[in-house]
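Two chains, each in its own frame: build the complex with the hints.
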Amino acid sequence: MSGSSGSSGSTGLVVQGLCKAFGARTVVDGVSFRLPPGGSLGVVGESGCGKTTTARMLVGLERPDAGTVHLDGADRSVRPSGRAGRLAHARGVQLVFQDPYLSLDPRITVGGCLDEVLRLHFGWDRERRRRRVAELLDQVGLGEREAAALPRRLSGGQRQRVAIARALAAEPRVLILDEAVAALDVSIQAQILDLLAGIRRASGIAFLFVSHDLAVVRHLTDEVVVLRDGRVVEAGPTPRVLTAPRHPYTRLLLDSVPRRGWDPGRIAEGRASA
Amino acid sequence: MTSALSKTPPAPTPPPGTALLEIDRLSVRLPAGRAARPILDEVSLHVAPGETVGLVGESGSGKSVACRTVLGLLPEGSRAEGQVRVRGRDVLTLDRAALREHRSRRAAMVFQDPRASINPLHRIGEFLTEGLRAAGTPADQAAATAVRLLDAVGIRDPHGALRRRPHEFSGGMLQRVVIAAALAGEPELLVADEPTTALDVTTQAEVIAVLTRLQAERGTGLLFVTHDLELAAAVSDRIYVMYAGRIVETGTTDELFAHPRHPYTAGLLACTPRIDPDAPPPRPIPGRPLSLAEAAPGCGFAARCAFAEDRCSVERPDLRPYGDTLAACLRADEGILS
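Taken in order, these protein sequences are the chains called L and R. The opening position of the first sequence corresponds to residue 1 in our numbering, with each subsequent residue numbered one higher. The opening position of the second sequence corresponds to residue 1001 in our numbering, with each subsequent residue numbered one higher.
Just chain R, same shape as in the assembly (with noise of 0.2 Å):
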C-alpha cells in the first residue's frame, strides 16, 4: 500500500512490455493569444493488445482530444508535453512519412458521424482501396480485401457495394464501411469515438456486435470513446472516467461499476437512466460539466461535489490507488461513497 502521503504516486502504467498503446501523462494546451488554456492534464492510459478499453466523459472532459492524440491528431496550434506510445513509438514526435505509415499501419480512427469520414463524391470501392494502394498493394488485391471486409461488417453484396457512394446506405450501413475501412491496414489499435452516437439503438447494437467480433478475431486493440457509461460498460474490459481535462478513475468494468471510488464516477452511475425494472430514478449531478480551463485549481469536480471540502477545490488530487482501482478523489480512501 502505498503511502498516502507521498509525493509522487505510482504512475499507472501497465506490466513493461506489454502496452500496445500508453499515453503518458499527456498535457495539451492552447497556446498564446485570447484562446490561451489548457485541454489536458497529464492524462495516462494504456490498451493491451486485443484489449478494449473504454474512455468515459461528458462534454469538455477531454476525451476526443485526447484519443485523437493516438493518431498524431491535435487541436490546431496546440503544444503537448508528454508522450503516446504506441508499441513504444510516440506518436507526438513522428515525422510526417513515419506517421502516415503509423495510420496507414497501426493505428486506425473511426468517428461519430460516418458521412463526415467518407467523400460524398467517391465510391465506396475506392473509400476503402485508398489507403491499402497508398501502401503499394496491386489494385486486384486491394479490391479484393475491400470485398472481403465488406463481407465481414454484414453489407450485403458486397461487390456490387464497391460501385456505390456513400448517399445510397443509411447511416448504420455507412458505419459499418468506415469500420472496414478503418480495417483494412490491420491496425494492432482501433479507437472509436462515439462511433455508434449518431445510430439507432437497433443498429447500434448490430454495429458493436460487429465490431466488438471483428476486434476479438484479430486480436485488435481497442479504445471505445463515449458519453455512455452503460455502453462502455457493455463493450470494455477497463473503463477509464474522465472530467474536466484529467482521468479521475480507472478500473475494470465490474470493480468500477460496484466500487465507484471518485464521487464523480458514481454520480455518472446514479445520474444514468436505466432499463432494468427496479433501478431507481435517475439522480441528477447540479451545475454543469466544466472543462480544465473553467475549472478549480484543485479537483475539477469540486464544485459540483457534495462531499467537497474546501481543500478540494485548492489541492489537485492525484491518481492513488484504492483496492484495484485507481481514483483522484482527496477523500477516496475514507469510504464517503459506501
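Extracted from the complex, chain L is given alone in its bound form (with noise of 0.2 Å):
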C-alpha cells in the first residue's frame, strides 16, 4: 500500500466526511468512500439515502456544508475559479443520468452534442472533432445514421448510450452512472451493462454506480457502500457485503430482492428489527 491516509497523496476519488443538508434536513451526514483508478464502486441505498446528492457533489453540481472531495490529490470542494479551471474540474467526473429522454437537448443532434463537448474541452479542428465523434459513438454501439439524429428520434437505450458517449468524450478520469440502467427495459440493461464493463476494462475509467438495484451492482462492482439516511451503514467488497452483510438494513436489502420462493412476509418483520 502506497500510504494512502493522507487524502492528498493518494490518488483516485477520496471522499472524506461530505455533508449536505437541505434546511434543516441533513442528507448526507458523513459520508466517506474510496474509488481507486479503473475501480469499480456501488453506492446503493433507496430512495432519500442521499445516493444522489452525494452524487452530485462530487460532479459539482452541489456545494457539501462539509467534508472533502480529492480526484487524484486535487481538492474539488473548492470552487474553481475563471473557465479553465471550471473545464478542468468538470473534465475530471462526469456524470450520466437515470433518464435519457430528459438529458439530452431535444434539439441538437447526437453528432453535434458530442462535437460540443470536445469543442469545450479541445482544442481540435472540425476534422479532428468528426474522426473523435465517429470514434465515440463507435466505443458506444451507434453509426452515421445516429450521429445525424435527433434524441426524440432514438430509442431510450440508444439515448443513454450517446449520454455515455457525451460523457466519455471528456475523458473523465471517473464516470458516475446516478440509476444509469433502471429506466430501460431488461434485455437493453444488459446491453448496456455490457457495454459500460466493455468501456471500463478498455479505458481504465473509474466507475462510480449510484444504484438501487443489488444485483445490477453485483456484477458492476468491485466494492460497495450501503447509505443509509445520509450515512454509510456497511462498506467492503461486493461480493462479501452481498454474501455476508453484517449490518441488518444491508441484510433487509438483500432480503427484498424478488426471486422465486421468497417470502416478502418476512420483510416487514427484518425491517422492524433493522
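There's no promise every hint is true.
Beyond 12 Å from chain L on every Cβ pair, some chain R residues (computed) [to be verified]:
1) Ala-1097
2) Leu-1121
3) Glu-1126
4) Arg-1133
5) Gln-1141
6) Asp-1151
7) Gly-1171
8) Asp-1228
9) Cys-1271
10) Leu-1337
Reference excerpt, derived from the structure (chain R facing chain L, CB under 8 Å, subset only) [claimed, not checked]:
11) Glu-1058
12) Arg-1079
13) Arg-1089
14) Val-1201
15) Thr-1202
16) Thr-1212
17) Ala-1216
18) His-1227
19) Phe-1257
20) Arg-1274
21) Asp-1278
22) Ile-1285
23) Arg-1288
24) Pro-1289
The set of hints was computed from the structure by calculation and includes no laboratory data. No residue lacks a Cβ here, since even glycine has one placed at the ideal position from N, Cα and C.
Take a look at the structure:
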C-alpha cells in the first residue's frame, strides 16, 4: 500500500466526511469512501438515503456543507475559478443520469451534442473532432445514422448510449452513473451493462454506480457502500457484502430482492429489526 | 400429442367452468388515420379463482393494453376483436351501467403510480368510500369498511387516515391505500399493472406481502402485470410472456424457469441480473423490444433471435403445447435451447 491515508497523496477519488443539509433536513451525513483509479464502486440505498445528493456533490452540482472530495490529490471541494479551472474540474468527473429522455438537448443532433463537448474541452480542428465523434459513437455501438438524428428519433437505450458517449468525450477519470440503467427495458439494460463493462476494461476509467438495484451492483462493482439516511451503514468488497452482510439493513435490502421462493412476509419483520 | 402440422392449434383454454377471467383471442388495433396500427394479436389468457397469474413483457409488448381490457378500458379509437370474459360475461360488450357494476363489484385495478390514481384534493376516506357509496352502501357502513381495509393493508391509525390527504402519505403507503380501495368492492378479480415499479425495494416487498396475503385470504384472482420476470416468478403460479403484441410462451412458473421453450423467454431469463452469488453475468439480447406494428409478419422476435431461420420472419408461429408449457416458436420442438 502506498500511504493512502493522507488525501493529498492518494490517487483516485477520495471522499471524506461529506455532509449536506437542505434546510433542517440532513441528507448526507459524514459519507466517506475511496474509489481507486480504474476501480468500480457501488453506492446503494433507497430513495432519500442521500445517494443522488452525494453523486451531485462529487460532480460539483451541489456544494458540500462539510467534508472534502479529492481526485488524484486535487481538492474538488473548492469552487474552481476561471474558465480553464471550471473546464478542468468538469472533465475529471462526468455524470450519466437516469433518464435519457431528459438529459439530452432535444434540439441538438447526437453528433452535435458530442462535438460540443469536444469543442469545449479540446482545441481541436473540425476534422479531428469529426473523427473523434465517429470513434465515440462506435465505442457505444452507434453509427452515422444516429449521429445525424435528434434525440427524439432514438430509443431509450440508444439515448443512454449517447449520454455515455457524451460523458466519455470529456475523457474523464471518473464516470458517475446515477441509476443509469434503471429506466431501461431489461434486455436493453443488459446491453448497456455489457457496454459499460467493456468501456471500463478498455479505458481504465473508474466507475461509481449509484443504484438501488443490488443485482446490477453485484455484476458491475468491486466494492460497495450501503447508505441509509445519509450515512454509510456498511462498506466492503461487493461479493462479501452481498453474501455475508454485517448490517441488518443490508440484510433487509438483500431479502427484499424478489426471486423464486421469496417470502415478502418476512421482510416486514426484518424492517422492524433493521 | 397434437400434430405439429395441424392447421388450428388447440386454443389454450382452461378446463370448462373453472375460469374467472378468460381473454379469448383478443386483437386490438388502432384504425384509420396515421396512427393506424395493430397492438394486440390474438392474445388468450385465463385466470382461475384465487390464482395468481403473471403477465410479463417489455415496452411495446402490449401487456398494459391487454390487462386494461379486463376493466373494459381500450385505447381511444381502437377496435377490439375477440372476447374478454369475466365469469362468462364478455366485458367488451357491456353497456355503461353493466360496466360500472363490473368495475365496482367484479374486477378492480391497481396502477403503477398511486399518485396518479388518487385525486390529490380529496381525503383518503372519500377515495375509499366513493365506490361503496355509489353502489348504495350507507355512509357509516362504508366508513367502517374503509377503516377495516386500511387496517388490513397495514396503515397505522386507520381512523385518522380517513381524514388525511394523499400528499401526507409516502408512495408505498399510498399504494397500500390504492390496494385497499381496489379491494373495497370485494372483487373476484384484481388486475395489478406494475403495482410496485415506482417503489423502493423494501417497500415493494411490503406492498407485495400485503397484496398476496389479502389475495390469498379472500380468494381473489390476481393478474399481475410486470416487466420484472423475477418479481413475476416470486408471486405467480403461472406466467404468460408477451412480446410484440402476442403471447409467446406460457406455463407454470417452475416449468418456465426450468425449461423455457421460446428463445425470448430464455433470453429474458439470461439478461436479468441476479443476486445469487453463482449467477452468471446478464447476457444481452441484441436489438430492442418491438411493438406489434414494427415486427415482421412472422414471429415478432425473429429479428433479435439467435435461432431464427428465414421462415421465422414470414410464418407466424401459433402457441403449441410442449410438455406442460405452450410456446409460439417454429423451432420449439427442435431442442434449440437445451
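Results of checking the hints against the structure:
1. Ala-1097: holds, 39 Å
2. Leu-1121: holds, 25 Å
3. Glu-1126: The claim stands: R/Glu-1126 keeps its Cβ more than 12 Å from every Cβ of chain L (closest is about 28 Å).
4. Arg-1133: holds, 32 Å
5. Gln-1141: holds, 30 Å
6. Asp-1151: holds, 15 Å
7. Gly-1171: About 8 Å separates R/Gly-1171 from the closest Cβ of chain L, which leaves it inside 12 Å; violated.
8. Asp-1228: Its Cβ does come within 12 Å of chain L, the nearest being 7 Å, so this is violated.
9. Cys-1271: About 4 Å separates R/Cys-1271 from the closest Cβ of chain L, which leaves it inside 12 Å; violated.
10. Leu-1337: Per Cβ check, R/Leu-1337 is outside 12 Å of chain L; nearest 16 Å; holds.
11. Glu-1058: holds, 4 Å
12. Arg-1079: Because about 28 Å separates R/Arg-1079 from the closest Cβ in chain L, which is outside the 8 Å limit, the hint is violated.
13. Arg-1089: At 33 Å from the nearest chain L Cβ, R/Arg-1089 fails the 8 Å test, so the hint is violated.
14. Val-1201: holds, 4 Å
15. Thr-1202: Result: holds, 5 Å to nearest chain L Cβ.
16. Thr-1212: With a minimum Cβ separation of about 7 Å from chain L (threshold 8 Å), the hint on R/Thr-1212 holds.
17. Ala-1216: violated, 11 Å
18. His-1227: Holds: closest Cβ of chain L sits about 6 Å from R/His-1227, inside 8 Å.
19. Phe-1257: holds, 7 Å
20. Arg-1274: holds, 6 Å
21. Asp-1278: Result: violated, 10 Å to nearest chain L Cβ.
22. Ile-1285: holds, 4 Å
23. Arg-1288: holds, 5 Å
24. Pro-1289: holds, 5 Å
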